[in-house]
Amino acid sequence: MGINALLASAEGSNSILIPAIPDLLWGTVSFLILAVLFSKYVLPRFNKVLEERADKIEGGLAKAQAAQEKAQETLSQYTNQLSQARTEASGIRAAADEEKRVIVEGARKEAEEKAQATLKRMAEQIDAEKAQAVVTLQKDVGSLALELASKVVGESLKDDSRARAVIDQYITDLERQAKEAGR
Amino acid sequence: MLGLGNFLPLSGAEGEGGFHAPSTEEFFPGGLLFIGTPYEMSRINLIMVLMTFVIVFFFISAFARTRFVPAKLQNMGEIALDFVRINIAEEVMGHEGRKYAPYLATLFFMLLGFNITGVIPGLQISGTSVIAVPLILAFTSWVIFNVQGIRHHGVVQYFKMNLFPPGVPAPIYLLVTPIEAVSTFILRPMTLTIRLLANMMAGHLLLVLFFSATSALLFDGQGFLKIFGLAAYAMGFAFTLFEVLVAFLQAYIFTLLTAVYISGATADEH
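Note that the protein sequences, when read in sequence, are chains E and Z.
Heads up, the first sequence stops at 183 in our numbering, and the numbers go up one at a time, no gaps.
Heads up, the second sequence stops at 1270 in our numbering, and the numbers go up one at a time, no gaps.
Where hints are given, some of them may not hold.
Selected chain E positions facing chain Z (in silico; Cβ < 10 Å) [what the hints assert, rightly or not]: (1) Leu25; (2) Leu34; (3) Leu37; (4) Ala115; (5) Thr118.
Heads up, simulated DSS-like pairs for lysine-lysine below, C-alpha to C-alpha not over 25 Å straight-line [unchecked claim]: (6) E:Lys48 - E:Lys63; (7) E:Lys179 - E:Lys139; (8) E:Lys139 - E:Lys114; (9) Z:Lys1226 - E:Lys56; (10) E:Lys40 - Z:Lys1072; (11) E:Lys120 - E:Lys109; (12) Z:Lys1160 - E:Lys48; (13) E:Lys40 - Z:Lys1099; (14) E:Lys114 - E:Lys100; (15) Z:Lys1072 - E:Lys56; (16) E:Lys130 - E:Lys63; (17) E:Lys70 - E:Lys56; (18) E:Lys120 - E:Lys179; (19) E:Lys139 - E:Lys120; (20) E:Lys48 - Z:Lys1099; (21) E:Lys130 - E:Lys120.
What the hints contain is simulated information worked out from the structure, not anything from laboratory work.
These figures come from a predicted structure and were not determined experimentally.
Each residue gets a CB set at the ideal place from its N, CA and C atoms; glycine is no exception.
The following block holds chain Z by itself, in its conformation from the complex (with noise of 0.2 Å):
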């Protein structure tokens, strides 16, 4: 029931030591709980659930006893939600936005919690890194644009103003309309899954080297080799830093295009 081996972080620090560059099987870390089940649960679903709870704990006190002047924790939680609902909905949908903020602030904080945990020792990789999780929040976006963007005009013309864009001369349409169809049913969806997740993978790849290079050249590195070693462990520290500010930017990134998205599809004008 429990594979003690994937309790490490990194796949690359099994074994006899030397330096093993990391692979894509990172993000394969096998099951941990309920193995043989449907529900398995390998140490990234493991860390999903965790960062869950934690920002459900999170919010449930920051809002459990609210007050007219906010205490700390309640200032910080009306702080990072006033980031979302007006930062991000009334900005790109203005007064409309309220209406969504509770979808983009789940898709924000879970986006940000997830990101982050690539970068929280003992954590060290992100819930975002595995296609599901960016696959499934970005097919909720494209569910709720279009049906938002369908609810606002009406199907025959939602599909009118998406696919045959008004100023057009009618001959163009034939390549207009094949592009736009791609690019506004398929590509969005895809682009935000690809994205987020390709900036997850890198991240965490990155880092996998830049510290197992620095065990490696440390450890098993001769003479001045070691050195290398620690200009790696700078390496590593700084990208650690820079993947705190990626977090943080693909969180913002996804939750905005979505607003976008939402926007252009209810928007009385093209």
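So that you can see chain E by itself, here it is in the shape it has in the complex (with noise of 0.2 Å):
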């Protein structure tokens, strides 16, 4: 089928480079019900469902980005409440160990005081006796060395003011001694 044949054809009444009325006519109803199928119902009512489609799943990452947003804001709101309580945990401790380091300091001093207070109280007293031992003794003793003495000696000693002065002469180099043996 050359193109002498589609010229040959197109001498005759029916040629296919030559379009009928009736085709074009039929051709041109069915693109133009589809022409309005397309554009007036199929695209419109499609985008309408890709848009539906497309607001969900943006609408579903909007509320995912939500909840991310809010579990980070509890979490750093956690994470801030646990570092406040640690400083003040760890102040209180600093506290208590402050305050542990003043009672233990006051009951020491307390207990030295008191310490130094019943040696010097015990010292006193001891002092006290040991005077009271003295002026006893020394009563006793020249009183017993009087009588040992009159009686070694046999003869009373009279004369009052002689014998305290014998006696006193006596303690006096007792007590040089005991001084001198104490050393």
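Using the hints, put the two chains back together into the complex; each one sits in its own frame.
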């Protein structure tokens, strides 16, 4: 079927290159029906479906984003609270340590003072007792020595003043001896 | 009003049997309905209208009750539309392509539906194998790309852009301008029309040839000639499958080229 055949048939009633009126008519009708279908019905509906789908997906994404943000916020809140609590705890611990130190210090001081006072009082008591003992001893030793001396000498030493002097002399000697022995 | 002989898909099958080579008379089947009126309907016209209603029915049932999660039919419709909307319109024109999606979808599904009737048993001739249909669509595409180009650039700028492409030395315009004028404004719609028409006609003639040969060889052939009848049948079967591919491919090419022409006409840089 060459170009000659086409031209030959073009000379007749039917040419494949010349559109027939009914073909044009029905082709146009079909085209118009389909054009209206796609532009007025199918694509608007399809676009609506796509938009709805995109909206839903975007909505879901936004929701997830919000949830994540909230979780992040809560987490940072908790972290904050935790670190606050930690600071507080360490503060309390430090304060307690300080207090403990003060208390221990105070107790020690008090105990020391008490001990000091006790020692002092005891020393004073000892001194007093010692003094008392010395006085007692002086008196007793004096009379004992006098008695002893009277017996030894065989005579009563009438002269009190002389006797007193002798006794005093004696005691002084005793004291000196005791001191020397103590050293 | 009704010519019974015209119901038979193959004019070659008319008459007393034997082999009749198919001719271009295949594409002039004669009137069936409304004979004698301007809207006389041939078998091919009937097929066009039938296919139009099949497409309308399919898309209306697919999108009548749209759901967020598409049901089977809606899913098929969405996949089909996405092919045009994304693989053709957006691929060629980017985001701008959505504007032309309704026209491109009309084009693609009309062409696909009309092409595929060539291999549907009982119909067996493409709605696009008469020049009127490719011509209507090519003319529409031609009008659309020119109108959109003029709208986008203005008349002067549009023709200047097309006829005097920049970066060419002035004397060369003597050569370039006529070529550009013919190629853009005359050859584009012509090639769209003839590419499709020739493919559909050739496909139909091949199928008629193989199947009438099958018939002639099997029923009228003697002895081993019947074997050739089987071979002819196998070829006819293979070409039927091939025609399915061609139907799809030609619809795709026509739509894609239309998108390319619109894109070129409305592009800011040449």
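| Does E:Ala115 pass the interface check with chain Z, least Cβ-Cβ distance below 10 Å? | Because about 91 Å separates E:Ala115 from the closest Cβ in chain Z, which is outside the 10 Å limit, the hint is violated.
| request: Assess, step by step, whether the Cα of E:Lys120 is no farther than 25 Å from the Cα of E:Lys179, and give holds or violated. | output: At roughly 24 Å apart (the allowed maximum being 25 Å), E:Lys179 and E:Lys120 satisfy the hint.
| Keeping to a limit of 25 Å between CA atoms, is the pair of E:Lys48 and Z:Lys1099 held or broken? | OK: E:Lys48 and Z:Lys1099 at ~15 Å, within 25 Å.
| message | Would the hint linking Z:Lys1226 and E:Lys56 be met if the CA-CA limit is 25 Å? | response | Answer violated: Z:Lys1226 to E:Lys56 is near 65 Å, above 25 Å.
| query | Holds or violated: E:Lys120 with E:Lys109, Cα cutoff 25 Å? | reply | 16 Å, holds
| message | Hint E:Leu37 vs chain Z: min CB-CB distance below 10 Å? | response | Holds, because the Cβ-Cβ distance from E:Leu37 to chain Z comes to roughly 5 Å (cut-off 10 Å).
| query | Keeping to a limit of 25 Å between CA atoms, is the pair of E:Lys40 and Z:Lys1072 held or broken? | reply | 23 Å, holds
| request: Given the hint that E:Lys130 pairs with E:Lys120, test it: the Cα-Cα distance must not exceed 25 Å. | output: 15 Å, holds
| Against chain Z, is E:Leu34 within 10 Å by beta-carbon distance? | 5 Å, holds
| message | Checking one constraint from the list: CA of E:Lys40 to CA of Z:Lys1099, max 25 Å. Satisfied? | response | Answer holds: E:Lys40 to Z:Lys1099 is near 13 Å, not above 25 Å.
| query | Is the hint on E:Thr118 kept, meaning its closest Cβ partner in chain Z is under 10 Å away? | reply | 95 Å, violated
| request: Take a quick look at whether E:Lys48 and E:Lys63 sit within 25 Å of each other, Cα to Cα. | output: 22 Å, holds
When held up to the earlier numbered hints, the structure conflicts with 4, 5, 8, 9, 12, 16 and 19 and fits the remainder.
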